[in-house]
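Participant: Residue strings, one per chain:
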Amino acid sequence: MDKASMIAMGYPIGLGLAALGAGLGLGNAVGSAMEAIGRQPEAAGKIQISMILGCAFIEALAIYALISPFIAGATFMAE
Amino acid sequence: MGQVIVGKLTSLLLLVALVFAAPAIVNAREAAPAVAHTGELINTPAEAATHGPNDAHAEEHHAPHAPELPTIIYIINKIQLGDGHTVGQTAFGKFLAGYEKSIYLLLVLTISALAFFGSLKLVSLRPGKLQVGLEMLVEGVTDFFTGIVGKEHKKHVPFLCSLFLFIWINNLTALFPFLAPATAKFQTTVTLALIVFFYFIFYGIFEGGLGHFLWHLAGSPKDAVGWAISPVLFVLEVVGTLAKPLSLSLRLFGNIMGEDILLGVFLLLGIMMAGAVVPDPIIGVPLHLPFLFLVLLGGTIQALVFSLLAAIYLSMVLPHHDHEGHAHGEDEHPLMPGAEEKNENSGHVDAGVVPFA
Chain A
7 MDKASMIAMG YPIGLGLAAL GAGLGLGNAV GSAMEAIGRQ PEAAGKIQIS MILGCAFIEA
67 LAIYALISPF IAGATFMAE
Chain B
12 MGQVIVGKLT SLLLLVALVF AAPAIVNARE AAPAVAHTGE LINTPAEAAT HGPNDAHAEE
72 HHAPHAPELP TIIYIINKIQ LGDGHTVGQT AFGKFLAGYE KSIYLLLVLT ISALAFFGSL
132 KLVSLRPGKL QVGLEMLVEG VTDFFTGIVG KEHKKHVPFL CSLFLFIWIN NLTALFPFLA
192 PATAKFQTTV TLALIVFFYF IFYGIFEGGL GHFLWHLAGS PKDAVGWAIS PVLFVLEVVG
252 TLAKPLSLSL RLFGNIMGED ILLGVFLLLG IMMAGAVVPD PIIGVPLHLP FLFLVLLGGT
312 IQALVFSLLA AIYLSMVLPH HDHEGHAHGE DEHPLMPGAE EKNENSGHVD AGVVPFA
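One line per chain: the protein sequences are A and B, in this order. Counting in our numbering, the first sequence tops out at residue 85, every number present. Counting in our numbering, the second sequence tops out at residue 368, every number present.
It is worth saying that the hints were derived from the structure and are not from the lab. It should be emphasised that the depicted structure is a prediction, and the values quoted were computed from it without experimental measurement. Glycine residues also receive a C-beta, built at the ideal position from the N, C-alpha and C atoms. Each hint should be verified, as a subset may be incorrect.
Pairwise CB distance ranges (calculated) [claimed, not checked]: (1) 121/B x 45/A: 16 to 24 Å; (2) 140/B x 9/A: 20 to 28 Å; (3) 249/B x 16/A: 29 to 37 Å; (4) 51/A x 129/B: 49 to 57 Å; (5) 38/A x 144/B: 18 to 26 Å; (6) 140/B x 22/A: 42 to 50 Å; (7) 18/A x 137/B: 52 to 60 Å; (8) 21/A x 253/B: 23 to 31 Å; (9) 139/B x 33/A: 38 to 46 Å; (10) 21/A x 212/B: 43 to 51 Å; (11) 141/B x 36/A: 31 to 39 Å; (12) 8/A x 239/B: 21 to 29 Å; (13) 225/B x 52/A: 25 to 33 Å.
Some chain B residues flagged as far from chain A (calculated, every beta-carbon gap over 12 Å) [unchecked claim]: (14) 101; (15) 132; (16) 149; (17) 169; (18) 219; (19) 280; (20) 323.
Cross-link-like lysine-lysine pairs, in silico, BS3-like; alpha carbons within 27 Å at most [what the hints assert, rightly or not]: (21) 162/B x 89/B; (22) 166/B x 255/B; (23) 162/B x 105/B; (24) 166/B x 105/B; (25) 196/B x 9/A; (26) 255/B x 233/B; (27) 132/B x 89/B; (28) 52/A x 132/B; (29) 255/B x 52/A; (30) 105/B x 89/B; (31) 196/B x 132/B; (32) 52/A x 162/B.
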């Protein structure tokens, strides 16, 4: 197997796994935040800010998986 | 009111989508060889390696790149010159292509500077719609960040507000035809993240003192147990602090670039769909229309997240005179707002921050 097909096969699988994990995490976080807002609507602002912050951290993991082939791939292919 | 705004926004985005789909003619012929190119590369890399140095360079450049929307500079670089070359093959065209995102950055900065100098003269008693809208925006953003860093640290609010507005406007250039967001370039986001990094370290040491900063790095120990595990926490916190600019820059860059590529991929898909019906389509199917809303939402959220994280990093290292561990200064002082106001006015209030009555 050559380099290009390794990237072509590995990238979708890795990205899919990262998206799976991030999706589970985001679902958990947003679901809990919705529950909390439903229980205590007056604290909605604070909960939303914390939720967006947490979502950003979770999403960052998927984003790393999205961009690492672009960064690593360029150097990998250049060799 | 809300419905009118949503309606206007929808029609605006539809217009944008159509304008994007129209330069399909420019992009479609370019994109098709690129796709074929990549396919060929994947099938027979040995053959690709036997090409000349020029081809190898082009392929190395092509392989990891996804389709992008046509931009002004892309179109300028496609203009045919008299001697059979395009502008892109001249030194000037290469300069333009190399500094593409920087040119959009300068464009955004110019527009922002014009808005700034234009707003200096505005002291109207009956402000127009634009002025009211912009003032509401600035006031809302200022209130938001004042709530996070606390009223006693109001001097940092202009920095955070300008960070937010700068990133936001840059992200939204993805919606303008023939422009591309400068934040989709890693150099831009790294610069912004390093500014935030040095800013909060400098002000953490300058305002709280080196002792407070180191105490914060040791995990803010308060009792014997805290002091006992503080060496371990210190190492962890130092690594975490060094990782902050990396994660800040990568998050913004990845999100904005991802959205840009998403638009490009769906635009190309729309062109291919139209090409299946008509042999040489003038206009593509605007399949990327729903994603324009996603770009609008994502650009706003990423700008908010970036500046919110900067504000939180800053408020963690700044000293708080009352007890630690709250992000919302305004909720902690429900008593005597007048006294608070007086205190602030005697303290350091930057020219950029107007105390809200």
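Participant: Next pair to validate is residue 166/B with residue 105/B; report whether the Cα-Cα distance is within 27 Å.
Facilitator: 43 Å, violated
Participant: Can the suggested window of 43 to 51 Å be confirmed for the beta-carbon pair residue 21/A and residue 212/B?
Facilitator: 34 Å, violated
Participant: Can we confirm that no CB of chain A comes within 12 Å of the CB of residue 132/B?
Facilitator: 36 Å, holds
Participant: Straight-line Cα separation of residue 255/B and residue 52/A no greater than 27 Å?
Facilitator: Judged against 27 Å, a Cα distance of about 23 Å means the pair holds.
Participant: Should the hint that residue 139/B and residue 33/A are 38 to 46 Å apart at their CB atoms be regarded as holding?
Facilitator: 45 Å, holds
Participant: Against chain A, does residue 101/B hold up as non-interface, every C-beta pair farther apart than 12 Å?
Facilitator: 25 Å, holds
Participant: Minimum Cβ separation between residue 280/B and chain A greater than 12 Å?
Facilitator: 17 Å, holds
Participant: State, for the Cβ atoms of residue 249/B and residue 16/A, whether the hinted interval 29 to 37 Å holds or is violated.
Facilitator: 33 Å, holds
Participant: Starting from the hint 20 to 28 Å, judge whether the C-beta atoms of residue 140/B and residue 9/A obey it.
Facilitator: 57 Å, violated
Participant: Regarding the assertion that residue 149/B does not contact chain A, is the least Cβ-Cβ distance greater than 12 Å?
Facilitator: 20 Å, holds
Participant: Taking 23 to 31 Å as the stated bounds, is the beta-carbon spacing between residue 21/A and residue 253/B within them?
Facilitator: 27 Å, holds
Participant: Check whether the Cα positions of residue 52/A and residue 162/B lie no farther apart than 27 Å.
Facilitator: It holds: about 17 Å lies between the C-alpha atoms, which stays within 27 Å.
Hint check: violations occur at hints 1, 2, 4, 5, 10, 12, 20, 21, 23, 24, 27, 28 and 31; the rest are consistent with the structure.
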